[in-house]
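Taking UniProt numbering, I'd label the letters of the first sequence as residues 1 to 250.
To be clear, the hints were calculated from the coordinates, so they are not data collected in a lab. Owing to the predicted nature of the structure, the values given are computational and were not obtained by experimental measurement. All C-beta atoms, glycine included, are put in the ideal place defined by N, C-alpha and C. Keep in mind that the hints are not guaranteed to be accurate.
Stated by the list, open to error - Beta-carbon label-pair distances, calculated as ranges:
#, residue 1, residue 2, range
1, K104, E12, 16 to 26 Å
2, E21, T99, 29 to 39 Å
3, I106, R56, 24 to 34 Å
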Amino acid sequence: MKRGPWTPEEDEALASYVRLEGEGRWRTLPARAGLRRCGKSCRLRWMNYLRPSIKRGPIAPDEEDIILRLHRLLGNRWSLIAGRIPGRTDNEIKNYWNTHLSKKLIGQGIDPRTHKPLPSPSAPSAVAAPAVYVIPRHPPRPNPNPNPNMPDGCWTESSDHDQLIDVNAEAAEAGERLEPDLFGVSFGEDNIFSSFLDSLIGDGENDHINGDTPPDDEQFAFVWEKDLEAHLVLEDNAHEQFTGDPDAGI
DNA sequence: AATTTTTACAACCGCTTCACC
DNA sequence: TGGTGAAGCGGTTGTAAAAAT
């Protein structure tokens, strides 16, 4: 069984076989394709390198922005994040995060795991953030009857984004003190994104991610897209509110 | 120019989830 | 309901290239 970097000949053998026979049955694929690799290695090579839909080249600034935002929402859920960036693989996103973005955030005094300011006695940003944040109690809910003509199709008629809460007040009730959060979001057990994340990952309906959207799930995918877009807008608004800078990046 | 160190990313490993029986 | 195999996921490692010494 061969290991290590793939040769162009192996790539060609794998790619032509998958093009002919389709993906799947990875365990038996190497024998059928005449490769001395394990099925797992073949699958990984196809998924991360050979698939025609994979985008080559450096990560663009807008892609980087999405990665940062989604990582703040989702954490190290690389496949979910990659599912939002066409042509990029979870491995690529993960590598880019570990080699570029985490260092970039640290350089900005931000903890890449929590997206909160790193503890530093001389870091004014950690104390400049307001003690009370206003965030929506509920994330946007998918509209059961989305109207494609409405740009805000993910919101229910009685929109939840007007329902605001005082995070510290709730934390005080729970007997805890929230740390100032530069971006106005908190990842507690009952945070604002919990049900939203459930909608992403909790019921197995996230198969549309990574391009697996079945045709009859298009409506769900549409709602999901709008849902996330609305969240990103909310984040921008919240961030602007805390910093006073509408153009401030993450 | 030679050597060492750092960086970037491809590939691997172990675990979990899911589907099927 | 438990067993099994396939596939997916995220953390980690290996290695080639680039940068630094």
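Of the numbered hints stated earlier in the document, which are not met by this structure?
Number 1 - this is the single hint that the structure violates.
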